[in-house]
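2 protein chains.
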Amino acid sequence: MKYELLKTEGAAKRARVTTVHGVIETPVFMNVATAAAIKGGVSTMDLHDIGTQVALCNTYHLHVRPGDTLVHEMGGLHRFMKWDRPILTDSGGFQVFSLADLRRSKEEGVTFRSHVDGAKIFMGPEESMRIQSHLASTIAMAFDECPPSHAAYDYVKNSVDRTTRWLARCKAEMARLNALPETINKEQLLFGINQGAVYHDIRIEHAKRISEMELDGYAVGGLAVGETHEEMYSVLDETVPHLPKDKPTYLMGVGTPQNIIEGVARGIDFFDCVYPSRNGRHGNLYTGHGTLHIMNAKYAKDDRPIEEGCGCPACRAGYSRAYIRHLMKAQEMLGLRFCVMHNLYFYNRLMQEIRDALDEGRFAAYRASKLDELAQGVQ
Amino acid sequence: MKYELLKTEGAAKRARVTTVHGVIETPVFMNVATAAAIKGGVSTMDLHDIGTQVALCNTYHLHVRPGDTLVHEMGGLHRFMKWDRPILTDSGGFQVFSLADLRRSKEEGVTFRSHVDGAKIFMGPEESMRIQSHLASTIAMAFDECPPSHAAYDYVKNSVDRTTRWLARCKAEMARLNALPETINKEQLLFGINQGAVYHDIRIEHAKRISEMELDGYAVGGLAVGETHEEMYSVLDETVPHLPKDKPTYLMGVGTPQNIIEGVARGIDFFDCVYPSRNGRHGNLYTGHGTLHIMNAKYAKDDRPIEEGCGCPACRAGYSRAYIRHLMKAQEMLGLRFCVMHNLYFYNRLMQEIRDALDEGRFAAYRASKLDELAQGVQ
Numbered sequence: 001m002k003y004e005l006l007k008t009e010g011a012a013k014r015a016r017v018t019t020v021h022g023v024i025e026t027p028v029f030m031n032v033a034t035a036a037a038i039k040g041g042v043s044t045m046d047l048h049d050i051g052t053q054v055a056l057c058n059t060y061h062l063h064v065r066p067g068d069t070l071v072h073e074m075g076g077l078h079r080f081m082k083w084d085r086p087i088l089t090d091s092g093g094f095q096v097f098s099l100a101d102l103r104r105s106k107e108e109g110v111t112f113r114s115h116v117d118g119a120k121i122f123m124g125p126e127e128s129m130r131i132q133s134h135l136a137s138t139i140a141m142a143f144d145e146c147p148p149s150h151a152a153y154d155y156v157k158n159s160v161d162r163t164t165r166w167l168a169r170c171k172a173e174m175a176r177l178n179a180l181p182e183t184i185n186k187e188q189l190l191f192g193i194n195q196g197a198v199y200h201d202i203r204i205e206h207a208k209r210i211s212e213m214e215l216d217g218y219a220v221g222g223l224a225v226g227e228t229h230e231e232m233y234s235v236l237d238e239t240v241p242h243l244p245k246d247k248p249t250y251l252m253g254v255g256t257p258q259n260i261i262e263g264v265a266r267g268i269d270f271f272d273c274v275y276p277s278r279n280g281r282h283g284n285l286y287t288g289h290g291t292l293h294i295m296n297a298k299y300a301k302d303d304r305p306i307e308e309g310c311g312c313p314a315c316r317a318g319y320s321r322a323y324i325r326h327l328m329k330a331q332e333m334l335g336l337r338f339c340v341m342h343n344l345y346f347y348n349r350l351m352q353e354i355r356d357a358l359d360e361g362r363f364a365a366y367r368a369s370k371l372d373e374l375a376q377g378v379q
Numbered sequence: 001m002k003y004e005l006l007k008t009e010g011a012a013k014r015a016r017v018t019t020v021h022g023v024i025e026t027p028v029f030m031n032v033a034t035a036a037a038i039k040g041g042v043s044t045m046d047l048h049d050i051g052t053q054v055a056l057c058n059t060y061h062l063h064v065r066p067g068d069t070l071v072h073e074m075g076g077l078h079r080f081m082k083w084d085r086p087i088l089t090d091s092g093g094f095q096v097f098s099l100a101d102l103r104r105s106k107e108e109g110v111t112f113r114s115h116v117d118g119a120k121i122f123m124g125p126e127e128s129m130r131i132q133s134h135l136a137s138t139i140a141m142a143f144d145e146c147p148p149s150h151a152a153y154d155y156v157k158n159s160v161d162r163t164t165r166w167l168a169r170c171k172a173e174m175a176r177l178n179a180l181p182e183t184i185n186k187e188q189l190l191f192g193i194n195q196g197a198v199y200h201d202i203r204i205e206h207a208k209r210i211s212e213m214e215l216d217g218y219a220v221g222g223l224a225v226g227e228t229h230e231e232m233y234s235v236l237d238e239t240v241p242h243l244p245k246d247k248p249t250y251l252m253g254v255g256t257p258q259n260i261i262e263g264v265a266r267g268i269d270f271f272d273c274v275y276p277s278r279n280g281r282h283g284n285l286y287t288g289h290g291t292l293h294i295m296n297a298k299y300a301k302d303d304r305p306i307e308e309g310c311g312c313p314a315c316r317a318g319y320s321r322a323y324i325r326h327l328m329k330a331q332e333m334l335g336l337r338f339c340v341m342h343n344l345y346f347y348n349r350l351m352q353e354i355r356d357a358l359d360e361g362r363f364a365a366y367r368a369s370k371l372d373e374l375a376q377g378v379q
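One line per chain: the protein sequences are A and B, in this order.
So for the first sequence, the numbering used here puts the first residue at 1; every next one is plus one.
So for the second sequence, the numbering used here puts the first residue at 1; every next one is plus one.
Hints are computed from structural coordinates only; laboratory data are not their basis.
Remember, it's a predicted structure, so these values are computed and weren't measured experimentally.
Where is the CB? At the ideal position from N, CA and C, for every residue including glycine.
Certain hints may be false.
Here are the simulated lysine to aspartate or glutamate pairs, EDC-like style, with alpha carbons at most 16 angstroms apart [claimed, not checked]:
no., chain 1, residue 1, chain 2, residue 2
1, B, K329, A, D303
2, A, K82, B, E25
3, A, K301, B, E73
4, B, K7, B, D356
5, B, K82, A, D117
6, A, K298, B, E73
7, B, K106, B, E73
8, A, K208, A, D237
9, B, K301, A, E73
10, B, K82, A, E73
11, A, K329, B, D117
Partial list, derived from the structure: chain B residues whose beta carbon lies under 10 angstroms from chain A [unchecked claim]:
no., residue
12, V42
13, R65
14, P313
Some but not every residue of chain B turned toward chain A, in silico, with C-beta under 8 angstroms [stated by the list, open to error]:
no., residue
15, A36
16, A37
17, M45
18, M74
19, G76
20, F80
21, D84
22, F122
23, L177
24, P181
25, I184
26, Y323
27, H326
28, K329
29, L336
30, R337
Can you make the complete structure from the sequences, with help from the hints?
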């Protein structure tokens, strides 16, 4: 991996990351393809069309179905889902701690039950690395413990210590796996994850410790889980300066267009969030002037595209708000497809605007005017 | 409308129909877009890609949602759904007699309740024509009574007489509507529908009567509703010769690839059926050697496309049976989308093969070898 810092403006970074699966221009928003597919009937052919750079797949979901050994036999995720650009896999940790039933966490790892068939599964740092190695993603995430958002100080401190010990185990196992002959992607990258809830001193101490471990990149995890935006920005202000500037930084699970602009301003390279696809499936559509709810009666006879001038496949072809509203009311999948593609395009386009602004040294002005524009409301 | 009979072989016809919305090469399979969209997230952009010539939309569905007056205000179906090629709308009759609740049929028309909101609706020949005129389809279908498939002789005879009286009312109303200044498609075509269940004498007598009415085309309706294939072929053998040879003939709601080949051999130009899209949504996929059920465990690690050499978007891009099976198991919409596109492409391609065989005077040989091939079973 090569990380080239092309420009900076304040804490904001404009970088280029070169991987075995191609180049990632950052800041970047990764498009969430949970079970090796974007929800809403969006294919990897469509992803090229909407400007997706990185697909994010979920280790937990793929482990339980179709199984990572099957994906390995099929030549890895890239071959399986026909996507030739970078893929980041999460560690499974977040899903295990939030979705799975009957979990039990101890030093070795976590025992839980599959949401598909109830089967008992054990996952620790080594298991997560082995699964991700089978999936052969470009970037693997470390297996971390995700404490509840309102956890007390001592609980969080102990949990973060465990996450650090797990990170060392992840790194050792990844090195071992990348050296095996049967490994598909022998240059799989490993990103560590900073935790510490909203406790600044724990966050900072943890950031310093993991920075010394010479990983390929660093994520800030455990945010956007219930704290206020101000608390989140404050954590970033305190923590990101203690992560290496010459490595990618990744703010996990964030967020709104506003959150992303604020994250970039604080030095974040990578983002991911289910908002564009999930909101799209509910008919909440992003525009430069904020979101519109396509089910609203006022769009019933609106002949305009979702957003004038938008280059997404639905707007470009001229499908009207009235038609898309009808499709959503009639529960036609095509409506979901248009809405999800529009929203993902909006996010990918937003990142392009951010990169252009950074390239041209006008990010501060862009940030101010864009936040203002987003607050105006849709006509 | 211009109907050019380009070639014949036995009773089979190869024709070209020129409409205000473009040319239709027949025999043709119309792709069913019930509520102004193909189910499975397939857009009108995709339809160009899979070789669709004619979209078929359902008058009953569009009348109850979003409403034909709304579609009229939006400039008609072509503008509403962004489809620039021919559209055929059914009359609503079949849906009223099969889907809607609490119907009451009398000479004026039918009273029933909407499946969407339970609202009481009256539809007769004039109402059906007005709705279809609002929708502004290329071809409107006459409003007919659809007797139950096992109806007794006298019941069917009386019903067919009513259908004939309704046809005269449809023709008069269509002429009136096509002359109105606010009508979007003033050259809307009207096809009459032959009925008579499996009673040959009623079918023949009816075919003769409606042939005298100088309509733009003629459909054979009320088949594929429970009778055997042999009964259906026998009705076609007896009836089609009594319909005008210099006008399009349309076998409604039919059928399997085998049914279509047999229909062509008996002089049919137009076909439509929900099989390819409905079977696709259930993972039953058409190939040159019969259907395969993608959920079958034997495809779990099958790296081949649905069908080698197939030009559908899914096969062309190389998405594997294993991946599509995974998508279907995980209930990802993308799986449905691939399956529906593959099946529609298969049907459209089948019609192309049939046209090529007719053009080259080798339809008899094609029919025999294709039926044999379809019976072989998938590897």
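The hints, checked one at a time:
1. B/K329 x A/D303: violated (38 angstroms)
2. A/K82 x B/E25: Outside the cut-off at roughly 35 angstroms; violated.
3. A/K301 x B/E73: At roughly 8 angstroms apart (the allowed maximum being 16 angstroms), B/E73 and A/K301 satisfy the hint.
4. B/K7 x B/D356: The given pair, whose Cα atoms are some 11 angstroms apart, holds under the 16 angstroms limit.
5. B/K82 x A/D117: violated (43 angstroms)
6. A/K298 x B/E73: Holds: A/K298 and B/E73 sit about 15 angstroms apart, inside 16 angstroms.
7. B/K106 x B/E73: Roughly 31 angstroms separates the two Cα atoms, so the pair is violated.
8. A/K208 x A/D237: holds (15 angstroms)
9. B/K301 x A/E73: holds (8 angstroms)
10. B/K82 x A/E73: violated (42 angstroms)
11. A/K329 x B/D117: holds (13 angstroms)
12. V42: holds (7 angstroms)
13. R65: holds (6 angstroms)
14. P313: holds (7 angstroms)
15. A36: holds (7 angstroms)
16. A37: At 4 angstroms from the nearest chain A Cβ, B/A37 passes the 8 angstroms test, so the hint holds.
17. M45: holds (6 angstroms)
18. M74: holds (6 angstroms)
19. G76: violated (12 angstroms)
20. F80: Holds, about 6 angstroms.
21. D84: violated (11 angstroms)
22. F122: Violated, about 23 angstroms.
23. L177: violated (22 angstroms)
24. P181: Nearest chain A Cβ about 21 angstroms off; hint violated.
25. I184: violated (15 angstroms)
26. Y323: holds (6 angstroms)
27. H326: Given a least distance of 4 angstroms, the restraint on B/H326 holds.
28. K329: holds (6 angstroms)
29. L336: Since chain A brings a Cβ to about 7 angstroms from B/L336, closer than 8 angstroms, the hint holds.
30. R337: With a minimum Cβ separation of about 4 angstroms from chain A (threshold 8 angstroms), the hint on B/R337 holds.
In the structure shown, a violation is registered for the earlier hints numbered 1, 2, 5, 7, 10, 19, 21, 22, 23, 24, 25, in ascending order.
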